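With chain E held as given, fit chain U onto it using these hints.
Those protein sequence lines, which keep their order, are chains E and U. Letter 190 of the first sequence, counting from 1, is numbered 190 in the numbering used here, and no numbers are missing. Count along the second sequence from 1, add 1000, and you get the number used in the numbering used here.
Derived from the structure by calculation, the hints contain no laboratory data. Keep in mind that this is a model prediction, so the values were computed, not measured. It is possible that some hints are incorrect.
Said to hold, decoys possible - Distance ranges between label pairs, derived from CB positions:
1. U/Met1001 - E/Thr176: 41 to 49 angstroms
2. U/Lys1258 - E/Lys114: 51 to 59 angstroms
3. U/Ile1324 - E/Glu193: 44 to 52 angstroms
As the list claims (entries may be wrong) - Keeping only pairs whose Cα atoms sit at most 30 angstroms apart, straight-line, the calculated DSSO-like set for lysine-lysine is:
4. U/Lys1395 - E/Lys113
5. E/Lys140 - E/Lys161
6. E/Lys110 - U/Lys1258
Stated by the list, open to error - Residues on chain E that point at chain U, a partial pick, calculated with CB under 8 angstroms:
7. Asn50
8. Glu62
9. Ser75
10. Arg76
11. Arg83
12. Leu99
13. Tyr102
14. Lys110
15. Lys114
16. Gly132
Even glycine gets a Cβ: it sits at the ideal position worked out from N, Cα and C.
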Amino acid sequence: MLLEVKNLNKIYHTGKIDFQALHNISIAIEKGEFTAICGPSGSGKTTLLNIIGCIDRADSGEIILDGTNLKGRTSRELAYLRRKYFGFIFQTYNLIPVLTVYENVELPLKLLKKYSDTEIRKRVMEVLEEVGLNGLENRKPLELSGGQQQRVSIARALVKKPKMILADEPTANLDTTTGESIVHLMMEMNKREGVTFIFSTHDQMIMKHARRLISIRDGKIEGDKEGEGL
Amino acid sequence: MKYIFLLALKNILRYKRRTVLTFLILSFGIAFYLLMFGIVQGYKKQSIDNFIQFETGHIKIRSASYDKDDPYSISNYINNAEEVKAILKKKSFVKSFTERIQFLAEVDNGRDSSPCVVVGIDIENDPKVFTLTNYITEGNIFSGGALLGESLAKDLSLSIGDYIYITFRNEQGVIDSIELEVSGIIRSGDPMVNSSTVFITLEDAKRHLNTKKVTEIAILTDNLKKDKKYIKELQKELPDNQIKSWKELSESIEIAAKQDEVTTYIFVIFIAVIAIVGIINTMLMSIYEKVREIGTMKALGMTDGETQCIFLVEGLIFGVAGGIMGILLGSLFIWYFSITGYDVAAMMNKNGSGGMNISHFVRVIYPTWDIPSFFYAFIISVISSTLAAYYPAKKTTKLQAAECLRTIQ
Chain E
1 MLLEVKNLNK IYHTGKIDFQ ALHNISIAIE KGEFTAICGP SGSGKTTLLN
51 IIGCIDRADS GEIILDGTNL KGRTSRELAY LRRKYFGFIF QTYNLIPVLT
101 VYENVELPLK LLKKYSDTEI RKRVMEVLEE VGLNGLENRK PLELSGGQQQ
151 RVSIARALVK KPKMILADEP TANLDTTTGE SIVHLMMEMN KREGVTFIFS
201 THDQMIMKHA RRLISIRDGK IEGDKEGEGL
Chain U
1001 MKYIFLLALK NILRYKRRTV LTFLILSFGI AFYLLMFGIV QGYKKQSIDN
1051 FIQFETGHIK IRSASYDKDD PYSISNYINN AEEVKAILKK KSFVKSFTER
1101 IQFLAEVDNG RDSSPCVVVG IDIENDPKVF TLTNYITEGN IFSGGALLGE
1151 SLAKDLSLSI GDYIYITFRN EQGVIDSIEL EVSGIIRSGD PMVNSSTVFI
1201 TLEDAKRHLN TKKVTEIAIL TDNLKKDKKY IKELQKELPD NQIKSWKELS
1251 ESIEIAAKQD EVTTYIFVIF IAVIAIVGII NTMLMSIYEK VREIGTMKAL
1301 GMTDGETQCI FLVEGLIFGV AGGIMGILLG SLFIWYFSIT GYDVAAMMNK
1351 NGSGGMNISH FVRVIYPTWD IPSFFYAFII SVISSTLAAY YPAKKTTKLQ
1401 AAECLRTIQ
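If we strip away everything but chain U, and leave its shape as in the complex, we get:
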């Protein structure tokens, strides 16, 4: 086997330019696969983190009649908020909780208007569950003021101290309009928060909506992963409320990430096909150039299986070396983008859709290091290049020694 490996290695090194080209195709294919996979996983992780930190907390309690297709309906008000809060206070796993009111509105600067979601937040308790207030870049939130997402403020040419008008329907269905001062600007990692959300104090929201109720209570627990157990416990005591974990609420992100994974796999297949065709081509050319040598080796007593093995080992060497190089290159790409980030928004602006479902929840993606994907990449590289070598290698078994030796080269 040693001499077969030696022959294979020497054959590979014989045509350096061709070998390097094939090797690069394979390596870059593997590297791009790793980067794509890292980006998709990074997107998923960041999206979920954003979702938890800005929207859901670990667990969210709503009214039983909450309809996810009509998330801002008046019927979404929780009627038993006091009872819920009393139970939550008794639970040891509940680290903190906060109430919120969300409703649809139109924000107006006097010239232009834009639809938005108004979120009433409990200034005291919200930071104990959400990280929203960490992202305030200018000003603050206080009674009579409004905190605007950076993009929304920019679109409406608003800055601190300007006045806005918010038009909405109150709990009784009456259209109302209020004037608020822009008290702060927020720039978060969540594009939804940045582009279409206005935050006001919970007290202001209740007063303007003419209600004492809230639409949701978000909880931070002591363990993110024990969500099922905690929900079961809470549901026993609150049978009339809808209680969901961050996992259930982020289903759409999972679906989007799955679609992006499919895109990644299609990309991988595409790269694999290119690499396979490259290897087949390289090896077929190599075989045609070495017909006399194959004849000589067979004359010396090498069996068809052994000559086939030389070319299979060539494919294997391509796969192993290409896989290792691809992993190194991929690591370099991931390392680079994990520092600079992959600006999806900029890509979208350049290319329209950008080709992926990303961007709803993440603006700049930082790819993650997914170790199993490195292992899979290596396996894909080895298997695909060995399989690619199979057809050319099989061809050598059909070559008769005498015919090979007659070949003029």
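Bound conformation, chain E alone:
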């Protein structure tokens, strides 16, 4: 078991109004899964992904990652966990605009502080080729199309060979064809590299590629079934 989430609750306090984003969520993710979390906007998909990825904290419940309970970890410890275990793909790509494609992709490796510049260069070029961006490494993100930017984002998530990649609506800002190509790329990486993928979506076209489909509505799990992509 790579990840186990038990009785997760999250409440947002906005002024005098409390909004419960997650109600007693419990899921388990095995290594190598390609899982979609689906549900309408505001259902709690992003919150769940953020908590799984140690970007946000739950109000109650437990997360056990690779056999380690994350309860009570300091923000520094959580940062190191994110650095080591997770890759992130965002709906709006979230690339650093001042850095080139190459620099954006190498950043997670630089943060790990365990590779030489030569090793980093080799790995970055390898990943850029895998995602079909070779030759564009010196471009700035804003000089690329949306699909290309999302490929950079995928390369950035993949480059350090994380145990798990969390993708929050990775195709929502892309047209159908580009969205399809991005999902295919993710599937290919999942197969080839064995990286566990959890992605959120409300797009039916994308959902069909998932091997496991977790439905969420109003912060509660509505269904958990095998997907067509199996």
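Below, chain U without anything else, positioned relative to chain E:
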């Protein structure tokens, strides 16, 4: 650390106009500090040089009863001048010495009058101690003649060959008045000499004052810096005389220079505050504009300390670059004014006080190159901009990755 530096540098270069503006504030602040400091130091050096060259020499011997609050009193006459001169002749460190008489008088052109100090100088020995005669622009000094400061001559509309009346009290306290021909005009770097001094020969002064005594003996030694040692030696043999070095006599200049240094420091603090506020503002705006990026970097595994470090390094880069640019600009300013001079008198006429204590002794200031102040300027620049970056940088540690990523920009 390399990637943190890279990110910081790229962030700085992202908003060019804002960066240039902040950078200019810092650079000009540093440059003005260096110029101000150079001017104050230049003023101090020129004032002391003037003081030594026109008034004190390296060491001055006076009567024991000399009262600095009443510098032209009759009791200031040295009674043992011959004994003093005999001792000075025996001292190997004494390169030369000269006698002078100073007394208060009123100079009159027949229509207008002006208070002045009359200085009786030994024509033969005075140039061996003082540089006064190098500044004579017209005519000369001779018996029966008077050498006037340029401003004084101008104020009284006097030129060579005109006659003046000098009214004074002689040693016995009797008011006397003498007629002298304007024999020369002097324009020195010392405004006091230019505006309110009349020089006559020592012999004329003694005759008119009806005395054989002098009020001071100024000495030029072989080493300006050994003044303490020489004074100690002289004081042993001349216990009844007041013997002072140029340093002690120029205390008032030191005090004035210190006050001007304080003014400079206040100016520096003022500039530093402006630069700090500018940097804080630039960096806070930069942080608010980069909230999502901060969130992304934290999501990628960057710790709070590392994100804070990026902004601290931005401040450091501002400080280093601003410091270097400020030093270059400051050098340019100092170089320019060291050639043209900074006309304090003109500034005074324009702005009243001019804001500084300068002008009593120097008319045109030539700033000096004070190397330690360049070093301090650089340190001030680096420390103040890094400190300025601290608050905005600290703010990034409070930002939660999830909240940052939720921010709509």
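Chain U contact restraint on E/Leu99 - CB to CB distance below 8 angstroms: The hint holds - E/Leu99 has a Cβ within 8 angstroms of chain U, the shortest such distance being about 7 angstroms.
Proposed interface contact between E/Lys114 and chain U, which counts if any beta carbon pair is under 8 angstroms: violated (13 angstroms)
Per-residue hint verdict: E/Arg83, partner chain U, C-beta under 8 angstroms: Holds - the Cβ of E/Arg83 comes within 8 angstroms of chain U, reaching about 3 angstroms at its closest.
Chain U contact restraint on E/Ser75 - CB to CB distance below 8 angstroms: Holds, about 6 angstroms.
Interface hint status, E/Gly132 versus chain U (Cβ within 8 angstroms): Violated, about 22 angstroms.
Restraint outcome when E/Arg76 is required to lie within 8 angstroms of chain U by C-beta distance: E/Arg76 check passes; min Cβ-Cβ to chain U is 5 angstroms, inside 8 angstroms.
Status of the E/Tyr102 interface restraint (C-beta, 8 angstroms, chain U): violated (12 angstroms)
Pairwise hint evaluation, E/Lys113 against U/Lys1395, where the allowed Cα distance is 30 angstroms at most: OK: U/Lys1395 and E/Lys113 at ~25 angstroms, within 30 angstroms.
U/Met1001 versus E/Thr176 beta-carbon gap, inside 41 to 49 angstroms or not: Holds - the Cβ-Cβ distance for U/Met1001 and E/Thr176, about 44 angstroms, lies within 41 to 49 angstroms.
Minimum beta-carbon distance criterion (8 angstroms), E/Lys110 to chain U: Nearest chain U Cβ about 4 angstroms off; hint holds.
Hint consistency between E/Lys140 and E/Lys161 [alpha-carbon to alpha-carbon, up to 30 angstroms]: It holds: about 24 angstroms lies between the C-alpha atoms, which stays within 30 angstroms.
51 to 59 angstroms as the expected CB spacing between E/Lys114 and U/Lys1258, which holds or is violated: Holds, since U/Lys1258 and E/Lys114 (Cβ atoms, about 57 angstroms apart) stay within the stated range.
Hint compliance for this structure: hints 6, 8, 13, 15 and 16 are broken, all remaining hints hold.
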